[in-house]
Structures are given as structure tokens and as C-alpha cells.
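Chemist: These are the residues of each chain, in order.
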Amino acid sequence: MNLKALLFCVPILFLAAMAFGQRAIVKGKITGQQSKEPLTGATVLLSGTNNSTITNLNGEYQFYVNSGNVNLTVRYLGFRDTTLTVNLKGGELKVLNVALSGRQQKLSDVTITGYTQGQAKALNQQKNADNIKNIIAADQIGRFPDPNAAEALQRVPGVNIERDQGEGRYVSVRGLAPQFTNTSINGEQIPSPEADVRFVALDAIPSDQLASIEVTKALTPDLDGDAIGGSINLITRTPQSSIPEISGSFGGGYNNLMGKSNLQGQLQYGQRFGKDEKLGLLLNSNYYHNDLGSDNVERSVADNELELRDYELTRTRLGLSSSLDYKFNNHHEIYLKGLYSRFTDREFRRAYVFAPEDEEIVKATKDRFESQSVISVNAGAKHTFKKFFLDYEAQYSYGEQNTPYDNEAEFIAGISSNIDFSNSRYPAFQAADYTNNSLYEFDAVGFGKTLAKDKNLTAKFNIGLPYKLGDNDGLIKFGAKARSKDKSYRIQQNTVENLGGVPTLDAFEEDPVKDEFFSGRYELGRPLNVTSLIGYYNANPGQFELQVEDKAIDEALESYTANEDVVAGYLMARQQIKKLMVLGGVRYEYTRVKYNSSDVVINEAGDLEDILPVSGSSTYDFILPQLHFKYELSKFSNLRAALTWSYARPNFSEIIPAQEINREDNVATVGNADLMPVSAINYDLMFERYFGSVGIVSAGLFHKKLDDFIYRRVLFNTSYPLTGPAAVTGIDVVQVQNGNAAQVTGLEFAFQRRLTLIPALKAFSLYLNYTYTHSKANIQSREATESDSNVQEEIRLPGQSANVGNASLGYEGKKLSLRTSINFSDKFLSEVGGSKAEDIYVKSRLQLDASASYALNKKIRLFTEVLNITNQPLQLYQGNKSQTIQREMYSFWTRFGVKFNL
Amino acid sequence: MKTLKYIFFASVILSMTACDKKNDNLIAPIVENDFPQILLLADEGDGELEDEDKFSFKITLADRKDPEGNELGGKIIPLEQDATVNFEVSDTKGFDAISSYILDAKAFYEIDDCTSSEDADIDLNMVFDARTGKGSVTFPKGVEEIEIEFETEASLFDDDVFNEEERGLEIKLSSVNAPGQNVVVNSSNVFEYRVLDDEGIYGEYELDIDDASQFQNYINLFGLVNEEVKGLSADDVEEIKIEFQYGELKALVVLKQTIQVSECGETETVNREIEIEADLEELEGDSLKGDLELVGEIEDDKGASKEFVYKGSFEVVSGALTLVLQGEFDDDETEEITLALSK
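For the protein sequence lines, the chains are W and H, in the order given.
Read in order, the letters of the first sequence correspond to residues 19 to 920 in our numbering.
Read in order, the letters of the second sequence correspond to residues 11 to 353 in our numbering.
Hints are supplied without guarantee of correctness; some may be wrong.
Stated by the list, open to error - A few chain W residues that face chain H, going by a derived Cβ cut-off under 8 Å, partial list only:
(1) F387
(2) T549
(3) L564
(4) Q761
Don't read these hints as lab results, they were simulated from the structure.
Because the structure is a prediction, the values reported are computed rather than measured.
Ideal placement from N, C-alpha and C gives every residue a C-beta, glycine not left out.
Chain W on its own, in the form it takes in the complex:
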């Protein structure tokens, strides 16, 4: 056995050998006296000791204690400590429900509702967690104007998001790109609907569907090990009491750029049934329809081209989730949780491309519909026995990205133009009569259709053995998991060109979608209507010529199937030693992957020579020791340290053995089925000081040492295939490979509290966080030549922003609440180019949002939100900051409506 695994296993086995005393069980639910809401993350403490347990999302706890008279103290930020005495016989299970009253003496005139309540839930969980994590609760999410899970996550320290059309989509944690973070729903990983990646576009998940989001930054052995940046867990809602809970919201909004309204609604029903509330049912549904758009200008440095893009989009998000549970008695319960989310995106892109070198102007329109669906069903059970507890679960999850049509048409005019990029914000051009559609001749129209599927079947169990070592509580936990993943991607592409007779563009024009583009700086004329062109195509197919070879190449090169089986097991122990908590253990994960795709060979004449089926497979395993320390400096202060091992699997696009051998250009792009995951050792140190009036100040340091970092490598003048008999010699092979080391170091700071120290500002709260990261990775130098191919070059990690932060000032009155929020992310490397001058960066961005709500009564609240108030663009540059290559403007958009809780 690996030495590091041995180091962690031996103490655990030693603990396991300890005798168990005469034990009893206390369990129950902690709620707020006024709100009747469950208090998540409350500490239930054995008075006079440091032995404690924590309430879960439903406010429930379970505590193994010695029999006899037991004094229990319940502690929760924002509430008074409550101590109760309970008498327990050996082997007995006693239910003790506690309703806590507010910390009135400190928070006079301030009610713990809404945002503060959410903040309290989150901070209590965070404070009492064994490992370093951040939690945001639903009430807290609801106070920020964040419609999807990605945007909700941007408020978490160390989290940065990548946006699409102004809306958050992908999440990066601690300076590492999205592929270094895994995403789960209710504790189990969900598949990515996208074809070539593992990570999930979180704009597909409406935030209204969630009870809370956890971002685990230091892994424990009972968590999946494939998360270097962090592990995101999206937790859906559960029923709480026999009183039917019907809550929801309805509203609309306005997008200023498009001059269009949007629509949203959410409805939730939850209730427990029966005399003992044994059966619980919760249904949640939400819908968000958003008409949006952007004005975009792009520059191609290599081709000296200028592109104007006018985007018009309609996006919808539909979320349905349900939870059904049955508690047979205090010992045994079963549950079934389901989630369905569907994100649709209809996109029109109307564009001009000015190409002075070719003396051409291209006018194009794209019309694409895409839906991303995620289904997740978890069925499981929890059992509490006298000496141990057991839980097990099976999960089926399925992600799909369906693009039933992706139609794009191009017309070309032989018009010469001059372009001038001296004003990087608004490049200039001169072109005579370029809006005259009768000058544009038909070039091509493409009809694409793709379907990406990803299915996971998972089964797992966990067993916990509580024990007592002297006066200190401990827990040994072990479990196992198996997951089978099937992923596939199918593509159908038909591109037709002019066989003769297709009219000029003026036969297919339509009215512009908006009055002005870039506030009237550029004139776009009347755009091309693809639907009209398709109507003509259907009526006159004899005028169109199918590009048969392109079809064969596109369909073969991108399609693939993959299968991945993962088996994992872990053993861990948690031991309280007075004020010190030690959690240690080891996780083992074994992965077997198989892939099938195609080789595409282009001959010297540039023609398709052959398409050959290829397949690849590999196996790898990891032993991942994890060690956590938490020292309680005081009732409200913790010092944490963690040493953890983790890894990140490569994206499917990098590992599938698809290959393109282009003998005309003498370059082969080859997949690498033997690509190993990136492994990492993570060091974490964190100080937290919580405020009894609900708040926190924390500071943390982290360092991640990555090995087998994945990078793109060019093997000059080599043979193809890379192993075995050479079919082609003297060819440059581009392949993603392992080999180089990388590291990320960072500092996290967070502060949030109500400003109760200043009486005049006691209704205000401040939310601040800031993360600094520094990274470096070594790759093959872009200057490398055939004779000098091992020269190295240091770059920063793609996706890593040096400075990321949030600032938010809120006012929480009895009826009125106001909040203004700023989210800042520094520039980051988006794409590693062929040379340093070709590296593409996303510029720094600061977004200002504001929200307000007014409570008409205890049940109904009006709300309004304004996003991107200062009209911050997305900007990319190539090589140096002055060379802007993309600038996309969205203007601001709003949402408003009513929220109710009947």
C-alpha cells in the first residue's frame, strides 16, 4: 500500500478497535421560535465539553451520547444559547425538538428575517463544518439579483464566473478554470449536457430551485476526489412541517438594449402529512423567460478583419423539482428527490465581416436553437442504529444538449473597404454602399444539428460509527461508490453552396430588430432573414449544391462515444480532542475509460482521403489522503488547516482519440486517450471570527501544487502514428499532453455583518470579500522549433484572475430592504495562442447591480432588481491591452414583481 495511505489508515484502524461504551441517541429538530423555520447549521453541544453535532439543512440533528443525565446546549448565530437536560437509558433513542428565541438584547428593532436569516443559516453551517467551505442559503440568494446558480455563486469568496451574453455560465474556483471544479446536485455529480467538457453550465439551473449552495474548498474523504478548485453542491428544497407551505413569486422585467420585457414565476408547495408527519412532499417549479441581446464588435488580427455582430436571443429556464420522504420512525427514513431543469436559447446573430485583404464584405445571419436539460433522481435511505448509522443512495442523472437546428447563411459582396483600429473601443471603417443588399451574392448556408448526451448511474453507501475516546467524541466513517457514465455526441451537418440561380441578398432581407446598433455608431442596414432563405431553398433545391466532403469531415471528426466507470471507497475518522477537531482519512478512486471516434485523413491535394474508426482506452487510480484540523479559539473563532490531495479529469475534447491528419498542411491534430488527470496537493489555512449578531470576518491562505498539468504540445517533424509503424513521416503533430507542473497560491478575505456597532447604521449590513491568486505553469515554449523543441515557457493558468471580489451594502428595515452589489473580476488568460502575441485575455470587469423589496405584510413582498447598471461590456484583447479583439455591450436589464409565502 502507498505510504501516504498507510499513514492515514493506521490511526483510523486503531480508533476503530476502541471499545464502545453504553451509548444512547438524542435526535430532533431545531427551529426558530418566531419564524418556525428550521435552523440549519446549529450546534448541539454536550455542555461542558467540545463534543457537538450540527443540524442539517432541515434543522435536524442526531447525537450519540453516553447514557444518563445529559446537558445539551444549542447554539446558533443570532439566537441565544439554550441549554436543556435530558435523561437517557442505555440504547435509548430520545427525540428532543428545540425552538430557539432571538438574541433580543443585541438586536432590538432588528428582525432576523429575509437576508439575515439566510445569512445566519449559511454562516452557522460554515462555522460548524469540519472542513473549509462556503455556503449560501436560498434566502440569501434571493436578496441578490442572481437568476441562475452561476450568478449566485459569484458572490462566494474565491469564485469567478465566465459570462455568456451578460449572464453567468461557468464557474471557476480559486483561480482554476471550470474543468477543475465538480458540480453535484444533492451530493452527487451531475453530467454535463455539453459535448466536449465535463463541467456544467450553471446558467441552466435556476437559483429559485435551490435551498442552498455549498462550495467545498478542501475535500474530505467522503467527497468525490476530482475537484482541485472546489466542489459545488446544489441542494434542492425539502418539506418542513404539517402546515402547507405555498410560496412563490411572479414578475416581469425589461431589457433596455432590446426594448423587450421578460417574464418569471416560481411556485413551491411543501407539506408533511400524517399524525406524526411521517410523509413529506415538496414540489417546486419555476420559469424564466428572458429576451436579451448584445452589440458586438470583433477584430481578427491575423486576417485584418472587422466584424460587427448584432445578437438577439430568447432564453428560457424551466425548473421542476420534487422531494418525497417517509420517516418510518425515529430510526429509519427513505427519500426520493428529483430535479429537472431545461434551459433553451434561441439565438440570432446578424453580422458583417469586412475583409479588406480579400476586397470582400460578408453579410451573414445565424439562427440557432439549443436546449440543455438535466434530470437527476436520487433515491436513498437513512438508518440510525444503536451503534452506528447507515445511509445509501442510488442516482440516475442525465444531461442533454440538443441543437435541433443551427442554420447559418452567408452572402458576399466584392466591395473594398478600409478598416481602422486606432480607436480600440469603436473601430472605424469605410466601405461604399455596403448596406446595399443587391450587391451581396449567395455564398453558402449551413444546416447543423447536434445531440450530446451524458448519463450517470451511481450507487453509494456510507456507514458511521460514533465512539468515545475518554471524554471526547469521535466518528469513524467509511463507504463506497460506483458510477458508470455514458457520453456521446452526434452531429449532422449539411452545407450547400450556389449551384446556380440563387438571387442576391435583397430577396431575403428583413426589418432590423432594433433601431440602433452601438447607439447608432454603425449602420447595419436591412439584415438577412435565414428563414426566408430556407423557404427559397426548399422551393428551389436544384439551385443548391451539397458539400458532400465537408459533411463527411464535420460529422466524422466531432462525433464520438465514451464510457467511463468509476469505483471509489474511503475510510475516515473525526476526532474531537478538547478544542481541536481532527479529521483524517483516505479515499481511493479507480477509473476506466473507453472512447470511440474517427480519424480523418486529408491528402496532399487537400481532399478527404479516408475516415477510419479509432478507439482508445485507459485506466488510472488515485489514493487521496485528506487531513483537516479545526481549532476552536473561542466560541466564535476557528482556526482551520487542511492538507488534501485531489485531481481533475481531462475534458472529453482533449481525451477522445479523434484525429485530423492534414497532409496538405503537414499537420496532425491528435487526441490523447492516454491523457492522465491533473493531480494536486492542496494546502489550506483559514481563520474565522463569527459575530453573534450574524456575521463573519475570515482570512485564508491556500496553495495548490498541480502535477501532470495538461497543455497543448507540438511535436515537430515526427511520425504518425506516434507509436508503432509510421504511416506518415515528417509531419507536425499537435497533441494535448501531460507533463508539466503548475501552482496556484492565493489569499481569501471575507467580511460580512450588520453594522450594529453604529446605532444609526444598525439596519445596514456590509458584505465584502476579496481573493488574490497567483499562478504559474510551464509549457513547451511557443518559440520552440524542431531543433529546440524542449524549451519551456512560463505562463499563468488559463481562467485565473489575480483579483476577484464582491462588495455589497444592504439596508434591512422592517418592511423595506435595499441592496447594492458590486462584483469585480480581474483580467484572465482565456486562450493560449500559438505565440505570446496571440494569447487572448478577458479584460477586467466590474458589474454594479441593485435590488430592493418592500413587505406589504408578512406574506407578500414586492421586489425589484436592476442588473449591469453601468453597462459593463465583455472585452477581450490579444497580446496587449490596446489590441481589443472583442467588445460586447448589453446595457442594463431589470426584474420586478411580487414574492409571497402563504
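Fit chain H to the supplied structure of chain W, relying on the hints for placement.
Modeler: Just chain H now, kept in the frame of chain W:
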């Protein structure tokens, strides 16, 4: 009351689900197997010298995806049933009555390199009305291409003067009748037939190989793109010809060396030839002097193609052609070279 709440709740969920449709104003394109077979003109045009008594055009099918996946670039998938294609002479130039030029028409197709449908007495039901210029022909099942040949009145245009005005005609496919089959025609494209004036640049010219400087000029000019031509001496060569055809130039060196050629079961001894072909990109064919540009491709041993270009001018005086050309190929170029040619 409770029941009402539940009904309301269920209704809202259903209505939300119903909202999830965003495919307004969409027309699904016809693709894959729904995309029809297309009958079209095989070429954009052709031309013959003015004393020629026939010309032809071809009708073919557009390439489709090979269902068996053998031909990756696509191939012609023949029709499963016979179809009737209608065509018409859509324009004439230099004459008015079609019947004054077109005397007769016939249709056939190639069964193999040595046999045509005529040889096998297969009738394609060719009908052509020279008064209206309209005709029809059967495009048989299982066939990739058919050819329609017109017998023409050569004397209509054959004269001894240079004609600056254009002479010829245009042909279009007009419709197809293919019951039970998904077949359409491309009725937009035109086959242009041009009557080429042999008093102008068109026709075959000969270079005097006994003129050492002219022979060397030819070697220097076309040796740029052909290593074998570059190494030739006058003693190797029987004759050198340059022919200007419709849209292309053929530079032919006939060697003294002979070879055996077998074709359709017959073997004969012929002189070996080195042929260089190029497209006429720019040619002022309706005048006796002007500029011209020739573009061609050379394929290397591995199958890769490289383009060559010759630019220059021409002048025709009493049947004698003077070409002044400069060639560029693969980073090499020639001086401006003059060739003196005669008919």
C-alpha cells in the same frame, strides 16, 4: 379550499411547461434523404471552330453522399427510374433562326470506354424541335450522364474574315418529369456554346522547331513547369503545337520517341506526347491582339497541387500568332519570352 389550491398549483406548473417553446418563424430545411436528386448541365460552356459541323452538351446528376461510405467526397447516385428532361435553346447570338444552324440532334451515353448506348441500340427518346428550340430526352435509370449532340450547318459561320461580334447559343434545362422520384432540375444554369473564329486566336498553331531560338524560348517558357520539357533538345522533338480552345490552352510537344497504346482492343504505335494544359483566365478573344493570362496546376508525386501562372499578350497577323509571356511557378519566374507561331 385545499383542493382548489392544488388544482391551481398543478395548472401553473403545466402552463409554465407549455411556455417552453421558442421556435417561431422557423422553416425546417430539406436535408439528408429528403434532399432531391438534381439533374444539371455538366458544363458551363464549350466552343468549336466555325467550320465544325457538330457540338454537344451533357446532362448529369449532382453528387450525393455515398450511402456505403466508400466515396468520401460523394458520388453520383443514379436514378432508380427513367426520367424525362426538358431543355431549350434559350438564346442565340449572331443568328436568329435556330433551324438555320441546328439541323438534327441525337442523345446517347457511355456504357464503357469503348461502347455507347448507340452501339447497343438504346433509344433515349430524343425529341428536338428546331423551330422552337425545345426538346426532351430520357435520362435513364442507372446512368450517370447523357450527352446530346447537335448536327450543325457549318457553312453558316465559316468565312474568311475575323468576326468581332459574338456567335453562338445558350441552352437551359427547363423541367423534369420523374413520377415517384424526388428529382429536380437546375433550370438557372446555362450551357453557352460559342462559335470560335479561326481567323482570331483560336485554333492550332505550330512552332518551328528548326528555329533554335524559338525552340529554346519554348523550352525556357514551359520548362518552368515541366522538368521533362526543360531537358529536351531539338533532336528529341517531332513537333511542337499550341492550341487555343474554348477556355483553355494546350501546349503539346510531340516526341520522336514512340510508344504502344492499346485502346478498345486495338494496339497502335504512336509518338509520345508531353502536354501542358492551362485555363484561359483572361483573354480578349473578340480581338486580334490583347492581353491574356493562363493558370494551371501541377501535381507532385504525392498528389499535392501547385498553381502556375503565365501572363502576357498576343497578336494575330495573317494567321501568325505572336505570344509574349512571363511565367511564375513555385517561387521561380521566367523572363518575358516571345513565341512566334503559325497555323
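Chemist: Give a verdict on every hint.
Modeler: Okay, the hints, checked on the actual structure:
1. At its closest, the beta carbon of F387(W) sits 6 Å from a beta carbon of chain H; the interface hint therefore holds under the 8 Å criterion.
2. Interface restraint check for T549(W): the shortest CB-CB distance to chain H comes to about 5 Å, inside 8 Å, so the restraint holds.
3. The closest approach between the C-beta of L564(W) and any C-beta of chain H is roughly 6 Å, which is under the 8 Å cut-off, so the hint is satisfied.
4. With a least beta-carbon distance of about 45 Å to chain H, the hint placing Q761(W) at the interface is violated under the 8 Å criterion.
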